[in-house]
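Visitor: One letter stands for each residue in the lines below.
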Amino acid sequence: MDVTNWNNYPVKNAEVVFFDTKGELRKLIDTNEHLIARGLGRCYGDASLSDTIIEMGKYEKALHFDRESGVFECQAGLSLDDILKITVPHGWFLPVTPGTKFITAGGAVASDIHGKNHHVDGSFSNHVLKLDIMLADGTITSCGPEEKADLFRATCGGMGLTGIILGVRFRLKKIETSYITQRQVKASNLDELLGYFEEYKHYTYSVAWIDCLKKGKHFGRSILMLGEHSRNEELPDKLAADPLVVHGDPKLTVPFNLPAFVLNKFSVKSFNALYYGKNLKKIQQGIVHYDPYFYPLDFVHSWNRMYGKKGFVQYQFVLPLSATDGLVRIMRRISEKNMGSFLTVLKVFGPQQSLISFPMEGYTLAMDFAIEDGLFEFLDELDQIVEEYGGRLYLTKDARMNARFFHDSYPHFREFAEIVRKYDPQEKFSSLMSKRLEIRG
Amino acid sequence: MKNILLLGAYSDIGQALARAYAAEGNNVWLAGRKQEKLDDLAADLRIRYDQGVETFLFDAADTDSHESFLEGLPVLPDSVVCIFGYLGEQEQAQSDWEQAHRILMANYVGAVSVLNRVADAFEHRGKGSIVGISSVAGERGRQSNYLYGSAKGGFTLYLQGLRNRLFKKGVHVLTVKPGFVDTRMTEHLQLPGPLTAKPEQVARAVVKAERKKKNTLYVLWMWRWIMLIIKLIPEPVFKRLSL
Ligand SMILES: Cc1cc2nc3c(=O)[nH]c(=O)nc-3n(C[C@H](O)[C@H](O)[C@H](O)COP(=O)(O)OP(=O)(O)OC[C@H]3O[C@@H](n4cnc5c(N)ncnc54)[C@H](O)[C@@H]3O)c2cc1C
Ligand SMILES: NC(=O)c1ccc[n+]([C@@H]2O[C@H](COP(=O)([O-])OP(=O)(O)OC[C@H]3O[C@@H](n4cnc5c(N)ncnc54)[C@H](OP(=O)(O)O)[C@@H]3O)[C@@H](O)[C@H]2O)c1
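Just so you know, the protein sequences line up as chains A and B, in that order.
Residues 1 to 441, numbered by our numbering, are exactly what the first sequence covers, in order.
Residues 1001 to 1243, numbered by our numbering, are exactly what the second sequence covers, in order.
If we strip away everything but chain A, and leave its shape as in the complex, we get (with noise of 0.2 Å):
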């Protein structure tokens, strides 16, 4: 069966299989070679393809949720769309979220996700309390930050290579309503941008949206995105009667056309629809829901089919504080080249300590970009600025980066293929991107 990621690129024919109990994953991982774990399939690329894909769909049963705490436990293969249905109306949230709900307790720990809250939340990794994982020998093992830790640190980033992981118990984050309270600053430049995220860096979720288009002084003319989880009293009466509404209730509209802003025709409409338009003062509050809020693309199904047949990639990088030079760089080589999206994020990460998740402190930015002829060279091209200035790229948004940039760019990187080698001594588990990027040498 032919199987591809999120971004349709590249695309394995693979055998597919799915489990319900510990001892059908158990006989499963016995008679195949070259397996690797599948959540949702959202990754961008080929990190949880291989000759034979463990399909976590099926084993996705919430276990455990300790309703005055917030303490949850689950099944990896439970959605965060449906971890939200059963945690909101009791008041709490995810810890850490990405930009859609669409993805799996188990590939939120293989990937470490980060958020817009990464400055003072750290990544979806901080939060875990426990994991259980079965690893090459059939042994279900738990480890934790303090338990069996050196397994715990390969798994939590480490894109499945340890191990099946089954089992995820981690802490929810207090609201006491479902509704976020929004302040949107616009900046005229780079510059002011990064002044911005210094001034309000006290904010909770915090994303800018940047205008790649503009040159000369207007060069990276944005707006910020501010968010804290709105308090009861700041409800109007009307959300007030119930403040934790969870997503999909028919109850809720949704005045909400963002998601165009991906692709490159409509988005610098949508753009400039924002700032100039009903947008007129340079900040602007609101109160909106937390789906429209953390989720815009999840409104429009399948908006990845929309690059067409040959797929897109997605370029993120983060790059120290101190390198707003090479910031500038990639971002004016991607304008002048005319190959990327229009509009991208920029996020500012806070210091994480961890041995091969892709957050560090400083300047994260992603784009997408059609597959075209030319583009990987181009990336590559991109790659040496992101080294020069000591960045690296985030691997599960990677399709394409070789082997040596990938092991010199992780600090950890050998450590961390150690730990892999001491948990699976045979090479059970692997993927085309732990081929790609030699991770077993």
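It should be emphasised that the hints constitute simulated quantities derived from the structure, not laboratory data.
Don't take each hint at face value.
To be verified - 25 Å max Cα-Cα, derived DSS-like pairs, lysine-lysine: (1) A:Lys337 <-> A:Lys215; (2) B:Lys1198 <-> A:Lys85; (3) B:Lys1214 <-> B:Lys1127; (4) B:Lys1127 <-> B:Lys1208; (5) A:Lys214 <-> A:Lys337; (6) B:Lys1037 <-> A:Lys27; (7) B:Lys1168 <-> B:Lys1208; (8) B:Lys1214 <-> B:Lys1198; (9) B:Lys1214 <-> B:Lys1168; (10) B:Lys1002 <-> B:Lys1127; (11) B:Lys1034 <-> A:Lys27; (12) B:Lys1127 <-> B:Lys1212; (13) A:Lys27 <-> A:Lys58; (14) A:Lys309 <-> A:Lys337; (15) B:Lys1231 <-> B:Lys1002; (16) A:Lys58 <-> B:Lys1034; (17) A:Lys130 <-> B:Lys1037; (18) A:Lys337 <-> A:Lys217; (19) B:Lys1213 <-> B:Lys1127; (20) B:Lys1002 <-> B:Lys1213; (21) A:Lys22 <-> B:Lys1037; (22) A:Lys22 <-> A:Lys58; (23) B:Lys1208 <-> A:Lys85; (24) A:Lys186 <-> A:Lys215; (25) A:Lys85 <-> B:Lys1037; (26) B:Lys1198 <-> A:Lys58; (27) A:Lys281 <-> A:Lys214; (28) B:Lys1214 <-> B:Lys1002; (29) A:Lys148 <-> A:Lys22; (30) B:Lys1198 <-> B:Lys1212; (31) B:Lys1034 <-> A:Lys22; (32) B:Lys1037 <-> A:Lys58; (33) B:Lys1198 <-> B:Lys1034.
For this one, chain A is given, so just place chain B with the ligands on it according to the hints.
Guide: Just chain B with the ligands now, with coordinates in the frame of chain A:
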């Protein structure tokens, strides 16, 4: 609030039914062959719906155990939903009795064994509801799946007979013919999208049809007409087709 017994609860359709019944404020009793699966499903349902959830080991093919299985329930349930089934390998079953037997047990004999007892108890009480998940495959024998089809066909007729018998006794019987459903049973098949339902769709339709005391439910309306046409093809023509 009712007590709903789900036989074959961990099937994809069964899980969707358990969620739908619990979401409507009922207690759900999960019966199946593997305790680990039942425990996982039970934990999930308790967390999501705050309803009473119980688990019971049950094997449709082990007919000797059915009496004690039913006696082991806390009380007689309000509804029994018979979901288990097995598609099997038609070609293998043509020459391998063990395979054929498994198909007959899982789709017909096991169901009769357990529902006979349920029917008596419901008749005696003068109240209750029986839901059977049968199949459109039971409406006409075809070379590609007549073992499964004949067992489901038998099950459909059995439910029809039960309905005829129990109607006067205040017991309702609903026959469900889902058409294609996107589940692990059909995962290896290429199903036509518009004719294929999601398990959640089946579950919603079943809960509603039971409430409205429908007799037969085709989950997607097209299937009623498709099967009508298939049944209308004269046998001399039908036998020449490869279906
Ligand atoms: C619209 C969109 C927005 C996004 N926004 C963000 C964002 O803001 N921040 C961010 O960090 N990411 C973001 N992502 C990326 C996404 O969060 C990650 O790729 C995530 O890992 C996908 O999870 P998944 O369940 O779909 O897993 P897959 O994509 O199927 O797999 C991803 C990796 O996880 C591994 N894996 C999955 N399940 C298991 C398991 N049970 N055991 C072991 N390994 C496993 C796979 O082997 C693979 O290496 C976004 C993606 C999309 C499509
Ligand atoms: N999918 C379709 O297109 C379709 C169409 C029409 C009708 N149906 C019917 O819908 C019902 C549910 O099937 P599904 O599609 O949800 O597939 P499924 O997930 O494969 O479910 C089949 C279930 O039957 C159970 N089972 C099989 N033999 C059993 C036995 N001897 N004792 C107890 N349980 C037994 C299995 O239990 P274990 O979990 O223990 O293996 C499994 O849970 C079946 O009756 C099927 O025939 C399905």
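Visitor: Would you mind marking each hint as holding or not holding in the structure?
Guide: Taking the hints in turn, this is what the structure says about them:
1. A:Lys337 <-> A:Lys215: At roughly 13 Å apart (the allowed maximum being 25 Å), Lys215 (chain A) and Lys337 (chain A) satisfy the hint.
2. B:Lys1198 <-> A:Lys85: With a Cα-Cα distance of about 20 Å, the restraint between Lys1198 (chain B) and Lys85 (chain A) holds, given a limit of 25 Å.
3. B:Lys1214 <-> B:Lys1127: 16 Å, holds
4. B:Lys1127 <-> B:Lys1208: Cα-Cα ~18 Å, so holds.
5. A:Lys214 <-> A:Lys337: Between Lys214 (chain A) and Lys337 (chain A) the Cα gap is close to 14 Å, so the pair holds against 25 Å.
6. B:Lys1037 <-> A:Lys27: Answer holds: Lys1037 (chain B) to Lys27 (chain A) is near 16 Å, not above 25 Å.
7. B:Lys1168 <-> B:Lys1208: Distance ~22 Å between Lys1168 (chain B) and Lys1208 (chain B) Cα, so the pair holds.
8. B:Lys1214 <-> B:Lys1198: 21 Å, holds
9. B:Lys1214 <-> B:Lys1168: 15 Å, holds
10. B:Lys1002 <-> B:Lys1127: 12 Å, holds
11. B:Lys1034 <-> A:Lys27: Holds. Lys1034 (chain B) to Lys27 (chain A) sits at ~16 Å (cutoff 25 Å).
12. B:Lys1127 <-> B:Lys1212: 15 Å, holds
13. A:Lys27 <-> A:Lys58: Between Lys27 (chain A) and Lys58 (chain A) the Cα gap is close to 17 Å, so the pair holds against 25 Å.
14. A:Lys309 <-> A:Lys337: It holds: about 22 Å lies between the C-alpha atoms, which stays within 25 Å.
15. B:Lys1231 <-> B:Lys1002: 38 Å, violated
16. A:Lys58 <-> B:Lys1034: 16 Å, holds
17. A:Lys130 <-> B:Lys1037: 21 Å, holds
18. A:Lys337 <-> A:Lys217: Roughly 19 Å between the alpha carbons, so the hint for Lys337 (chain A) and Lys217 (chain A) holds.
19. B:Lys1213 <-> B:Lys1127: 13 Å, holds
20. B:Lys1002 <-> B:Lys1213: 16 Å, holds
21. A:Lys22 <-> B:Lys1037: Between Lys22 (chain A) and Lys1037 (chain B) the Cα gap is close to 10 Å, so the pair holds against 25 Å.
22. A:Lys22 <-> A:Lys58: 12 Å, holds
23. B:Lys1208 <-> A:Lys85: Holds: Lys1208 (chain B) and Lys85 (chain A) sit about 23 Å apart, inside 25 Å.
24. A:Lys186 <-> A:Lys215: With a Cα-Cα distance of about 17 Å, the restraint between Lys186 (chain A) and Lys215 (chain A) holds, given a limit of 25 Å.
25. A:Lys85 <-> B:Lys1037: Given that 25 Å is the threshold and the Cα spacing comes to 22 Å, the pair holds.
26. B:Lys1198 <-> A:Lys58: 14 Å, holds
27. A:Lys281 <-> A:Lys214: 20 Å, holds
28. B:Lys1214 <-> B:Lys1002: With Cα atoms ~18 Å apart, Lys1214 (chain B) and Lys1002 (chain B) stay inside 25 Å; holds.
29. A:Lys148 <-> A:Lys22: Cα-Cα ~21 Å, so holds.
30. B:Lys1198 <-> B:Lys1212: Between Lys1198 (chain B) and Lys1212 (chain B) the Cα gap is close to 21 Å, so the pair holds against 25 Å.
31. B:Lys1034 <-> A:Lys22: Given pair Lys1034 (chain B), Lys22 (chain A) holds - Cα atoms ~12 Å apart, limit 25 Å.
32. B:Lys1037 <-> A:Lys58: 11 Å, holds
33. B:Lys1198 <-> B:Lys1034: Roughly 24 Å between the alpha carbons, so the hint for Lys1198 (chain B) and Lys1034 (chain B) holds.
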